[in-house]
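Peer 1: Numbering-wise (the working numbering), the sequence shown opens with residue 140 and increments by one.
Take the hints with a grain of salt, since some may be wrong.
Listed below are the simulated SDA-like cross-link pairs for lysine to any residue, each with C-alpha atoms no more than 20 Å apart in a straight line [unchecked claim]:
| id | residue 1 | residue 2 |
| --- | --- | --- |
| 1 | 487 | 455 |
| 2 | 199 | 180 |
| 3 | 178 | 150 |
| 4 | 385 | 405 |
| 5 | 199 | 235 |
| 6 | 150 | 277 |
| 7 | 252 | 281 |
| 8 | 178 | 228 |
| 9 | 194 | 377 |
| 10 | 352 | 332 |
| 11 | 199 | 380 |
| 12 | 269 | 194 |
| 13 | 473 | 486 |
Ranges between beta-carbon positions, derived for each pair [to be verified]:
| id | residue 1 | residue 2 | range |
| --- | --- | --- | --- |
| 14 | 519 | 469 | 41 to 51 Å |
| 15 | 245 | 447 | 56 to 66 Å |
| 16 | 377 | 334 | 21 to 31 Å |
| 17 | 193 | 352 | 17 to 27 Å |
In short, the hints are calculated from the structure, not lab data.
Every residue gets a Cβ at the ideal spot worked out from N, C-alpha and C, and that includes glycine.
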Amino acid sequence: MTTNHKTQVIKNLQEKSILVSRTFNAPLANVWRAYTESKFLDQWWGPAPWRAETKTLDFKPGGYWLYAMVGPEGERHWARMNYISIKAKAYFDIEDAFCDEAGNINSSLPVSKGRMVFTETSNGTLVEFKMTYAMEEDVQKIIDMGFEQGITQFVLNNCKHCWIKTKSDTMEVTAILTITTGILSLLCLLALHFVSPEFKPAWRMISEYALGKHKWLITSFFLLWGLSSICLSILLWDVVTSPLAKVGILFLFISGIGEIMGGLFDLKHKHHGLAFLLGVPALPVAALILGYTVIKLEGWTDHASLIIYSSHATWISLIIMAAAMGVMFSGLKKAGIPMSKDAPPLEKMPEGVIAVNGYANRLLVFCYILWLIVIANTYLSSVTA
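With the hints as extra help, turn the sequences into a complete structure.
Peer 2: Here it is, written out as structure tokens:
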């Protein structure tokens with residue numbers, strides 16, 4: 140993210156205000172994130188060689204950002220920014236003050252109130268920050284402390300924000316890959332329904348398509364599904380920060396590995412069972428952990444219902460499939476049909492046996508991939524809205 144204008148600083152002693160403005164050659168979504176997320180603020184907030192170090196940031200009305208300005212010798216000066224009101228990707232109102240490490244405001248130094256306004260322009264994004272003080276003396280005191288030189292030096296360091304833009308663009312590509320590979324995976328499965336009609340979808344499991352004439356399609360299905368899961372795990376690594384959320388990403392990545400193994404090792408291979416154990420149970424765990432994490436993020440809350448519904452659909456579909464398998468196995472046992480691993484595959488289902496496990500298996504796959512697509516699409520919405 141590069142700038143195409145110099146930082147403008149306008150002092151108005153009569154209004155007891157300072158207006159800082161600058162236009163950035165970058166999308167509004169990127170600039171907004173640069174000002175509202177600690178992982179980005181810590182990279183640029185402060186004139187070199189000073190840097191910001193966040194202790195806590197809760198970006199919501201009534202929340203605050205408590206951070207230290209850390210000098211080259213390790214010295215620390217603490218500051219606190221209280222968030223008064225917020226309109227996403229438009230503005231936020233703040234109260235800005237010096238404080239101690241616990242966040243207690245230093246009343247001997249000036250306290251300002253202001254609004255940070257973000258406007259999309261033909262040249263990029265204009266940021267205007269107007270600070271108002273209680274007395275003219277406070278404005279002069281801030282100026283005497285070197286405010287103008289400092290703000291001119293540190294407002295969005297170009298090189299670091301080139302990284303932010305590149306990172307954001309890379310994440311958007313990863314989100315698109317998640318959606319694309321997920322959809323292609325479902326299309327492979329749909330194609331198998333038509334080109335391999337001998338595998339009755341009511342009771343034949345998806346893995347059994349590998350026994351037919353179009354093994355490449357089922358292999359592609361599993362590989363694309365696994366790639367979609369892994370892409371989403373990579374995407375979310377920089378989106379969520381809590382230790383629990385990182386555990387959720389680990390489960391998602393494991394699920395992707397299991398899905399890829401399902402394509403590499405068909406149901407006759409000794410590792411096919413391991414692929415199932417890795418790929419199937421892990422994703423509902425990931426979906427629940429990550430689903431309830433991301434709905435708290437800025438830009439995700441409007442999609443909370445869809446995220447939660449799709450997250451719960453993963454474990455519900457797994458329970459449905461397990462129940463359907465149990466009902467079928469019980470019916471086969473009553474019908475005297477052998478169920479050992481060496482038993483030949485059934486040509487048809489005996490009368491009286493309730494067998495809908497194939498449908499349940501396909502429902503599970505649909506719910507799993509739908510969740511991947513929902514999360515990736517919500518990410519795209521959050522950065523482009």
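Peer 1: With reference to the structure, classify each hint as holding or not holding.
Peer 2: Comparing the hints with the structure gives:
1. 487 with 455: Status violated; Cα separation ~28 Å.
2. 199 with 180: holds, 16 Å
3. 178 with 150: violated, 31 Å
4. 385 with 405: This hinted pair is violated, its Cα atoms lying about 31 Å apart.
5. 199 with 235: Measuring from Cα to Cα gives roughly 15 Å; hence the hint holds.
6. 150 with 277: holds, 12 Å
7. 252 with 281: This hinted pair holds, its Cα atoms lying about 13 Å apart.
8. 178 with 228: holds, 18 Å
9. 194 with 377: Satisfied, since the Cα-Cα distance of roughly 19 Å is no more than 20 Å.
10. 352 with 332: holds, 12 Å
11. 199 with 380: Holds: residue 199 and residue 380 sit about 17 Å apart, inside 20 Å.
12. 269 with 194: Given pair residue 269, residue 194 is violated - Cα atoms ~25 Å apart, limit 20 Å.
13. 473 with 486: holds, 18 Å
14. 519 with 469: 41 to 51 Å: holds, 45 Å
15. 245 with 447: 56 to 66 Å: violated, 43 Å
16. 377 with 334: 21 to 31 Å: 40 Å Cβ-Cβ, so the 21 to 31 Å window is violated.
17. 193 with 352: 17 to 27 Å: For residue 193 and residue 352 the Cβ distance comes to about 58 Å; the hint is violated.
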